[in-house]
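K.L.:
Chains as they are written, first to last, in my numbering: chain A, 84 to 365; chain B, 8 to 368.
No wet-lab data here; the hints were simulated from the structure.
If you're wondering where the values come from, they're calculated on a predicted model, not measured in any experiment.
Every residue, glycine too, gets a C-beta built ideally from N, C-alpha and C.
Treat each hint with caution, since some may be false.
Computed spacing ranges between beta-carbons, pair by pair [unchecked claim]:
| hint | chain 1 | residue 1 | chain 2 | residue 2 | range |
| --- | --- | --- | --- | --- | --- |
| 1 | B | 112 | A | 84 | 20 to 26 Å |
| 2 | B | 227 | A | 326 | 35 to 41 Å |
| 3 | B | 60 | A | 344 | 37 to 43 Å |
| 4 | B | 108 | A | 295 | 47 to 53 Å |
| 5 | B | 118 | A | 251 | 53 to 59 Å |
| 6 | A | 297 | B | 181 | 54 to 60 Å |
| 7 | B | 329 | A | 342 | 43 to 49 Å |
| 8 | A | 84 | B | 141 | 34 to 40 Å |
| 9 | B | 199 | A | 84 | 30 to 36 Å |
| 10 | A | 190 | B | 143 | 42 to 48 Å |
| 11 | A | 148 | B | 24 | 43 to 49 Å |
| 12 | B | 227 | A | 251 | 22 to 28 Å |
Chain B is faced by these chain A residues, among others (derived, beta-carbon under 7 Å) [said to hold, decoys possible]:
| hint | residue |
| --- | --- |
| 13 | 85 |
| 14 | 188 |
| 15 | 292 |
| 16 | 309 |
| 17 | 310 |
| 18 | 314 |
| 19 | 315 |
| 20 | 352 |
| 21 | 356 |
| 22 | 358 |
| 23 | 359 |
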Amino acid sequence: MPHQVMGEALDVRRAGSYFVLSLTAPGISEDARPGQFVTVAIGGLESSMLLRRAFAIHRVQSRGVYGGTLEIAVSPHGLGSRWLTERRRHDQLSIVGPLGKPFSIPSRRVSCVLVGGGYGSAPLFMLAEHLRDNGCRVDVLIGASTEEKLFGVLDLKRLSSSITVTTEDGSSGETGRVTDRLAELIDRSSADIVYACGPMGMLSAISAITAKRRVFTQCSVEESMACGIGVCMTCVLPVIGDDGVTRMVRSCVEGPTMRGDRVRWADVGTIPADAWGAAEAP
Amino acid sequence: MTRAIIGYGGTDRGPVGARADMTTDLAGIELPSPILTASGCAASGKELDAYFDITAIGGVITKSIMLKPRAGRATPRMAETPSGMLNSIGLQGPGIEAFIEEDLAWLESRGARTIVSIAGETVDEYGKLAQKLRNVGGFEALEVNISCPNVDDRGLVFACNPDSAAAVIQAVRRNSDGRTPIFAKLSPDVTSIVEIAESVVRAGAAGVTLINTLLGMVIDTGTMRPALAGLTGGLSGPAIRPVAVRCIFQVRQAFPSLPIIGAGGVRTGNDALEFLLAGASAVSVGTSIFNDPSAPMRIHDELARLVAERGFARVSDIVGHAHRERDAIVTEAQADPVESPEGAPASDPDDELSAWDFVRE
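Work the whole structure out from these sequences, hints included.
P.N.:
Next comes the structure, spelled out in structure tokens:
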């Protein structure tokens with residue numbers, strides 16, 4: 084069950100091109116599971132920016148000096164996210180969460196590969212911890228266009244059996260993209276599951292690679308949302324259901340974690356003609 | 008069931024002061040509050056019930072339902088705008104049959120009061136929708152969405168033409184039971200809102216909902232293309248609130264006894280009060296829900312206090328109060344009390360004046 088709470092900014096720190104915002108979020112941090120997200124309002128009830136911004140939950144701490152706290156990674160690319168990175172200690176923020184479907188966690192001790200693109204690696208921290216606690220093997224593969232845009236390399240190293248880093252410009256790790264290294268890593272670690280979070284293009288390419296190798300894949304998708312709670316129908320994408328029918332599903336409540344083989348990646352941004360309820364051909 | 012904490016996220020609900028009786032009569036339906044959720048912003052109430060008790064507000068106006076399942080428009084469907092947003096959802100929904108079986112049944116079992124919003128692409132489709140709902144029950148009123156600017160229907164928007172607007176309302180009335188009130192939701196994108204209102208009332212609407220979104224457009228200066236896949240979208244949120252107030256005021260002026268559901272950018276109890284003063288009997292909260300999922304409950308609480316602060320015991324007594332005759336001029340020498348509503352406690356005239364001169368911060 085989600086909570087709507089007033090939280091308090093505890094700390095805003097830089098991490099490469101990103102910022103990590105620590106917040107008190109009573110109730111939310113205790114209930115959060117890996118892959119879920121929160122939404123944060125930009126300003127108070129007089130703000131002209133009406134839409135909450137959605138952030139994957141990066142880390143949580145349910146006990147501590149401040150009670151429940153959580154961390155989110157913010158990329159300051161717009162007015163709202165920039166406003167968030169300018170918060171100071173004790174500033175009040177309206178937070179709703181935990182929202183969305185968490186990653187499915189295997190019941191057996193299996194081998195998992197976690198792939199993150201840019202700050203898409205933020206939600207993988209909680210996941211890696213959870214998987215390791217369950218006795219799973221965790222190998223991490225993260226990439227970005229350049230070193231500045233990698234997120235959390237050192238911490239992920241601590242949480243995993245191996246870490247592979249790629250940058251497109253070669254400024255850190257191997258030159259290239261995560262998708263150049265994925266197949267080899269799956270083979271080397273005998274992966275049973277691949278978890279991925281990052282830009283849609285990356286998720287699409289990963290799903291193509293894992294489909295060929297028949298490795299179960301869960302992706303955390305990125306779609307722009309207005310409400311984050313399932314009422315506005317903004318964040319839909321075409322997903323194949325258990326019955327084989329494609330529906331336009333809400334990534335906020337039926338996601339953000341989705342099976343890679345169920346999302347019709349090539350059709351994202353369209354209404355496929357065979358989707359349930361699609362307009363009949365003229 | 009645990010419920011989310013009510014409020015903008017906080018516990019700062021202020022001291023408990025006097026609260027007005029919020030009971031509202033809307034075209035013969037008795038509601039415990041004038042605050043409703045606006046169509047398209049609350050789905051069918053289920054999701055919001057996690058944030059506040061949806062039976063504690065006046066009711067839920069459900070997302071406009073069509074005859075058949077509908078996938079809606081391509082994405083991007085949304086763009087944020089100053090104090091508002093554009094949407095181009097394209098009426099994605101499960102179709103009337105699944106809606107009746109699942110959504111309406113859930114609302115009824117939950118004990119919520121429901122106003123069902125229907126939308127069609129032809130006059131006939133509206134009639135069929137009314138027919139399907141006729142024997143189902145479980146809802147208080149119908150809201151007919153004749154003004155959705157999202158749907159491609161060879162460019163025709165029913166709400167922009169008095170004759171087509173009337174044809175839709177006639178079809179709905181002929182196919183419904185004759186007792187369920189019909190509200191026509193009008194578009195502000197017309198030359199004369201009063202003319203359209205008159206037309207739908209003559210066709211049998213018990214009341215009107217004012218207003219639907221305004222047609223707008225955003226161009227992304229980065230990609231240098233329209234921001235929405237559907238090119239245009241409906242503008243909603245506080246940005247359109249003065250347009251809604253104007254439409255409510257004009258229609259109330261023309262038809263003083265016509266029930267009006269006000270809608271358009273209501274974010275606070277004070278905004279809701281403005282709508283009531285303009286002449287709305289009920290107020291629906293839409294886009295603000297995206298900002299604050301528990302907004303309808305918060306607005307209900309704020310309104311109850313604001314109405315009481317103005318010396319009104321009942322929320323219904325304040326409806327249309329902005330239309331009253333000029334208040335008596337009070338001079339220092341002749342301190343007669345200004346016009347005081349019935350039942351209002353006699354108090355110092357200066358207090359009353361300052362209360363009525365309430366200025367939004």
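K.L.:
Now tell me if each hint is right for this structure.
P.N.:
Hint check results:
Taking the beta carbon of each, residue 112 of chain B and residue 84 of chain A are about 22 Å apart, inside 20 to 26 Å as hinted. As the Cβ distance of residue 227 of chain B to residue 326 of chain A is approximately 37 Å, the hint placing it in 35 to 41 Å holds. For the pair residue 60 of chain B and residue 344 of chain A, the supplied restraint of 37 to 43 Å holds, since their beta-carbon distance comes to about 40 Å. With their beta carbons about 41 Å apart, residue 108 of chain B and residue 295 of chain A fall outside the hinted range of 47 to 53 Å.
For the hinted restraint 53 to 59 Å between residue 118 of chain B and residue 251 of chain A, the CB-CB distance of approximately 57 Å keeps it satisfied. Between residue 297 of chain A and residue 181 of chain B, the C-beta spacing of about 58 Å keeps the proposed range 54 to 60 Å intact. Between residue 329 of chain B and residue 342 of chain A the beta carbons are some 55 Å apart, a value that contradicts the proposed interval 43 to 49 Å. Separation of residue 84 of chain A from residue 141 of chain B is about 37 Å and conforms to the stated range, judged on CB atoms against 34 to 40 Å.
Taking the beta carbon of each, residue 199 of chain B and residue 84 of chain A are about 48 Å apart, not inside 30 to 36 Å as hinted. As the Cβ distance of residue 190 of chain A to residue 143 of chain B is approximately 43 Å, the hint placing it in 42 to 48 Å holds. Evaluation of the 43 to 49 Å hint for residue 148 of chain A and residue 24 of chain B yields a failure: the beta carbon distance comes to about 36 Å. Between residue 227 of chain B and residue 251 of chain A the CB atoms are about 25 Å apart, so this pair conforms to the stated range of 22 to 28 Å.
Taking 7 Å as the C-beta contact cut-off toward chain B, the hint placing residue 85 of chain A at the interface holds, the least distance being around 6 Å. Restraint check, residue 188 of chain A versus chain B: the minimum CB separation of about 23 Å is more than 7 Å; hint violated. For residue 292 of chain A, the interface hint is violated, the least distance from its beta-carbon to any beta-carbon of chain B being 25 Å, above 7 Å. A cut of 7 Å between beta carbons decides the hint on residue 309 of chain A: the least distance to chain B is about 5 Å, and the hint holds.
Checking residue 310 of chain A against chain B: minimum C-beta separation of about 4 Å stays under 7 Å; hint holds. The closest approach between the C-beta of residue 314 of chain A and any C-beta of chain B is roughly 4 Å, which is under the 7 Å cut-off, so the hint is satisfied. Contact between residue 315 of chain A and chain B, as hinted, is supported at the beta carbon level, the nearest pair being about 6 Å apart and thus within 7 Å. Because the beta carbon of residue 352 of chain A sits about 5 Å from the nearest beta carbon in chain B, less than 7 Å, this interface hint is met.
With 7 Å as the threshold, the beta carbon of residue 356 of chain A stays out of range of chain B, its nearest partner Cβ sitting at about 10 Å, so the hint is violated. Checking residue 358 of chain A against chain B: minimum C-beta separation of about 5 Å stays under 7 Å; hint holds. A cut of 7 Å between beta carbons decides the hint on residue 359 of chain A: the least distance to chain B is about 6 Å, and the hint holds.
The structure fails hints 4, 7, 9, 11, 14, 15, 21 (numbered hints given earlier, in ascending order).
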